[in-house]
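Engineer: Dock chain W against the given chain Y, drawing on the hints supplied.
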Amino acid sequence: MSRAARALAVAAGVAFGTALIVYYIVSYLTVSPPVVAATGSKPRVHLTLQTVASFGNPPHPDWVSYLARDPHGKWVHSTVLRVPAYSTVDVTIYQFDTATGLRNPFWGQPRGTVGGTINVGGKTLNVLNPDLASHTFAIPDLGVSVPLKGVADNAKNQCSVAPCTLSEAHTTVTFSFKTGKPGKLRWQCFVPCAFGFPLGFGGPMQSIGWMDGYLMVQ
Amino acid sequence: MTTIAGEPVPRHGVRIFAIWLVLTAIAVPLIVLVLGPHLPPPHMTVESVDQRNANIVMTALLVPIALLVLVYFIYSFVFFRETTDAIVDGPPIKGHAGAQLLWIVLTSTIVLALAVWGSYTLIAGAHGAGGGQGPDPAAKPTGYQHALPVQVIGQQWEWTFRYPTYGGIETRDLAIPDHTLVAFHVTSLDVTHSFWAYELGVKADAVPGVDNIAYVNPRHTGLFQIRCAELCGLWHGHMSKKGRVLASSAFQAWIAAAQKKNASIVKYLPKYSRVYYPAPLRRAG
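Protein chains in written order, with the working numbering: chain Y, 1 to 218; chain W, 1 to 285.
Bound-form chain Y, shown alone:
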């Protein structure tokens, strides 16, 4: 093979590798769940979320997931939420999954909420028995951590396909937290709830749009 041919082969290989890297980076940066805005306007807005035991739809029907309700009332499979800065955010989470308990019981105490409490099914709590929790909603940078009570294992009419409806077994958790300056904050569930993955922390626990997301404070 001549020197020119070898140089051409090397250049083609480098170009192919570069193209793959660029494709990966562009895909990573551009493909993300849609942003769901809170309803209402500053200084007080409302977020409505639901957790489901299994999404029930492609591409991962058996993955546990959060969903968010957009301002038109439609459930969207997304965990990228937009809220205004320096505001109070009232959150309602409809929790359709059963209890598995917290790996670290420490997260059973609500933190970072207005008043340091949450409301579970009409009852105000400053701590939830960690064994009764199914998931958590946590924004570490704001100090927010809320345990979500699971539905009973033997509850009738349990939901298996998202979006779930309020006629199906669920618990309702409400609380409020305050936002600060604008920024992009991560939020996550602290329960190792990814069934079938090592230590329960693979798959949906490592994926934006499922049990992790961003809070776009703007």
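If you are wondering where the hints come from, they were derived from the structure by calculation, not from laboratory data.
Remember, it's a predicted structure, so these values are computed and weren't measured experimentally.
A virtual CB, placed ideally from N, CA and C, is assigned to each residue, including glycine.
Incorrect hints may have been included.
[Unchecked claim] Cut-off 30 Å, straight-line C-alpha distance, at most; resulting in silico cross-link-like pairs (BS3-like, lysine-lysine):
1. Y:K181 - W:K261
2. Y:K178 - W:K260
3. W:K242 - W:K271
4. W:K241 - W:K203
5. Y:K181 - W:K242
6. Y:K178 - W:K241
7. Y:K184 - W:K242
8. W:K271 - Y:K123
9. Y:K184 - W:K261
10. W:K261 - Y:K178
11. Y:K178 - W:K242
12. W:K260 - Y:K181
13. W:K267 - Y:K123
14. Y:K181 - W:K241
15. Y:K42 - Y:K74
16. W:K267 - Y:K178
17. W:K140 - W:K242
18. W:K261 - Y:K123
19. W:K260 - Y:K123
20. W:K242 - W:K203
21. W:K241 - Y:K184
22. W:K271 - W:K203
23. Y:K184 - W:K203
24. Y:K181 - Y:K74
[Claimed, not checked] Anything over 10 Å on all C-beta distances counts as not near chain W; from chain Y, calculated:
25. S2
26. A7
27. A12
28. G13
29. V14
30. A15
31. P33
32. A37
33. T48
34. G183
Structural biologist: Chain W only, in chain Y's frame:
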């Protein structure tokens, strides 16, 4: 000036040695006096000071070696360069037992000296050099029996801290008193993390089922950065926060407030243990 076949040949060895000697005489004091105080880690604890002193000594010893290689390389590049197209043999090279012996003795001495110095720092000075010594430390500092135990718990993706001598409370914040020997008991609830408190001179692996002990003795109050130094998943980069070294009285006030703030969850926490094997590892559907 020596000659080969009647041609004068400069004494390259003497020249190289002279250049190296001058550069070393300039570089080593600069390393020790100017760069040394800025080498990591900062001087927040007794242990981190020992680590930095070790870094200064190591650098001061390594620079002459690096300079020798560089000087020889650059000298050869300039003076031994063949500028003509003719391919000719160089002068014959003969063995020099003295030079070989000197090289072996010198390099062996340097390596052994560094090993002795490193071991001394690891064991007697820095008490494990911040990397953690596992559940049964070999290098215990004086008064280790009375060290304040603070358990560092890594979990995806947050650090929490337990104070077994203060009712076993757990907190999201880390504060320690100054001029007090602290024993960090580093562990994990899931995958391997690494507790990196840079200013304290600590970077200890947090391994599930392992109590990894690292001692620190803070010299003054201030903030220190906490990070995870082991790639542990999606939000690994977010496992960072600020810790605080407080004056003793301020620490007592802080721990009292923390006990009050976290009181409602204490009854649900597992009994303090050096390691945890937490359930659940499942998800109900």
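Engineer: Where does the structure disagree with the numbered hints, that is, which hint numbers, in rising order?
Structural biologist: none
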